[in-house]
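Chains A and B supply the protein sequences, listed in that same order.
Position 48 (the first sequence) corresponds to 86 in this note's numbering; numbering is contiguous.
Position 80 (the second sequence) corresponds to 661 in this note's numbering; numbering is contiguous.
Everything labelled a hint here was simulated from the structure, so no lab data went into it.
Here a beta-carbon is modelled for each residue, glycine too, at the ideal position from N, C-alpha and C.
Among the hints, a few may not be true.
[As the list claims (entries may be wrong)] Partial list, computed: chain B residues near chain A (C-beta under 10 Å):
1) Val674
2) Ile678
3) Val683
4) Thr735
5) Glu739
6) Glu740
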Amino acid sequence: MIEVTDLHKGFGGTKILKGISTTFEQGKTNLIIGTSGSGKTVFLKCLLGLYGPEEGSISYDGKKYNGLSDDEKRDLRQQMGMVFQGSALFDSMTVAENVRFPLEMFTRQSNSEMDDRVNEVLKRVNLEGADNKLPSQISGGMQKRVAIARAIVTNPKYLFCDEPNSGLDPKTAIVIDNLIKELTEEFNITTVINTHDMNSVMEIGEKIVFLKNGYLEWEADKTQIFKTDNEAVTDFVYSSNLFKKVREAQLKGL
Amino acid sequence: MTKRKVLWKLIIKEVDDLITSSLGIVAFISFFIGAVVAIQTALNLTDPLIPKELIGFASRQSVILEFAPTFISVIMAGKVGSFITSSIGTMRVTEQIDALEVMGINSLNYLVFPKIIALLVYPFLIAIAMFLGIFGGYVAGVYGGFVSSEEFMTGVREEFIPFHLIYSFLKTFIFAFLLATIPSFHGYYMKGGALEVGKASTTSFVWTTVAIIIVNYVITQILLS
Numbered sequence: 039m040i041e042v043t044d045l046h047k048g049f050g051g052t053k054i055l056k057g058i059s060t061t062f063e064q065g066k067t068n069l070i071i072g073t074s075g076s077g078k079t080v081f082l083k084c085l086l087g088l089y090g091p092e093e094g095s096i097s098y099d100g101k102k103y104n105g106l107s108d109d110e111k112r113d114l115r116q117q118m119g120m121v122f123q124g125s126a127l128f129d130s131m132t133v134a135e136n137v138r139f140p141l142e143m144f145t146r147q148s149n150s151e152m153d154d155r156v157n158e159v160l161k162r163v164n165l166e167g168a169d170n171k172l173p174s175q176i177s178g179g180m181q182k183r184v185a186i187a188r189a190i191v192t193n194p195k196y197l198f199c200d201e202p203n204s205g206l207d208p209k210t211a212i213v214i215d216n217l218i219k220e221l222t223e224e225f226n227i228t229t230v231i232n233t234h235d236m237n238s239v240m241e242i243g244e245k246i247v248f249l250k251n252g253y254l255e256w257e258a259d260k261t262q263i264f265k266t267d268n269e270a271v272t273d274f275v276y277s278s279n280l281f282k283k284v285r286e287a288q289l290k291g292l
Numbered sequence: 582m583t584k585r586k587v588l589w590k591l592i593i594k595e596v597d598d599l600i601t602s603s604l605g606i607v608a609f610i611s612f613f614i615g616a617v618v619a620i621q622t623a624l625n626l627t628d629p630l631i632p633k634e635l636i637g638f639a640s641r642q643s644v645i646l647e648f649a650p651t652f653i654s655v656i657m658a659g660k661v662g663s664f665i666t667s668s669i670g671t672m673r674v675t676e677q678i679d680a681l682e683v684m685g686i687n688s689l690n691y692l693v694f695p696k697i698i699a700l701l702v703y704p705f706l707i708a709i710a711m712f713l714g715i716f717g718g719y720v721a722g723v724y725g726g727f728v729s730s731e732e733f734m735t736g737v738r739e740e741f742i743p744f745h746l747i748y749s750f751l752k753t754f755i756f757a758f759l760l761a762t763i764p765s766f767h768g769y770y771m772k773g774g775a776l777e778v779g780k781a782s783t784t785s786f787v788w789t790t791v792a793i794i795i796v797n798y799v800i801t802q803i804l805l806s
């Protein structure tokens, strides 16, 4: 579980995050949503420890990040997996080398043990046979799956995803979303996903955290998103034509 | 902490990318510049009292003292320096450096340290440049009919001061450090997108060249004057 308490963060005098407090539960897909510029990415980078908070704190299973030594912070980061928006695969390495990389860096496994683990994870994300290809030789959807495989290969306790299905066609996006949800449940990971895709919210969201202008505007269970009176949330949800039409139909009693 | 096995692989890869891949261009330039130095010297020897051995002597001195360590380093600032800046800069733009940080890896150490170690091999490249530069002078001088083989070789051996080699390799080591660090700095700390990667590569070439020229002047002033 990740607990965020009164988190503030800014750059060059501009406040980006303004007193965010929330929790992200283990074994659930927690979604951070909001419009562009609402502070989602900065929030996610604070959760990853890439940005230190100006005020407030973030605790990982009871351990406050601010109070950790550099070695402890490094150990904690090794328990985190991250799927970047652009996949961030190492382009000089093959698919298998990318997935193997965290194992080589952080485990004392033998070569055969690492090979077995890489094959197991690649099989889990349906990428058998692509192990010798370079990232530039595979599709965007496959790159995302490699990024997920790399993120989970060391059995992380926390999985973070920054807009994991951006730039993907709707069908592939659903495959990626479902894969993340399955892995979250299968390995009991605390998953935090940054998205502005309402399809993802409906497909895999459990807890939803809505940011607006750096404030936590609203948070609740996914089922509450269509019942809330919060204007900012309804504006965001019904900015999608599909959901707008569903809403109009609901109001007309159809 | 980068694991020893991974670090070793990275160093080997960097040696291949930075040194081995530069062998061809360094050999090509060294040979022909050495040849041109010999021809220019020969063409300017209009006084019959000046011995022809001077062609070999001038080739050796210019190649060992300046051409091989300094001129090749400026060329390497363009070739290797741009490569380092653009590869690290692209990793920054595509969040690969963030990915390393998230994994708990010291990205600066992971990306720059192997390059510094790999460039310790750089003096070998300069030694090859020295040999080929003098060999180019020999070929152009002898086969161009400017000097006999014996005269050229006598000139090459004449008044040889071993300290010149120490001076030359000492500054080569310092240039190697500059070649690894300045382009890495410009790549690692760049901000922006693909356009900025190009701009950072150009800036890194300019600053590496400026640093090499200034350091060359300072070392020469200290050690040879």
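Here is what the structure says about each hint:
Checking Val674 of chain B against chain A by beta carbon gives a least distance of about 9 Å; that is within 10 Å, so the hint holds. A hinted interface residue such as Ile678 of chain B counts as satisfied when its beta carbon comes closer than 10 Å to some beta carbon of chain A; here the least separation is about 9 Å, so the hint holds. A least Cβ separation of about 4 Å between Val683 of chain B and chain A falls short of the 10 Å threshold, and the interface hint therefore holds. Restraint check, Thr735 of chain B versus chain A: the minimum CB separation of about 50 Å is more than 10 Å; hint violated.
Using the Cβ-Cβ criterion of 10 Å, the hint placing Glu739 of chain B at the interface with chain A is not satisfied: the shortest such distance is roughly 49 Å. Below 10 Å, beta-carbon pairs count as interface contacts, and Glu740 of chain B has none with chain A, the closest being about 49 Å; its hint is therefore violated.
When the structure is compared with the earlier hints, violations turn up for hints 4, 5, 6 and for no others.
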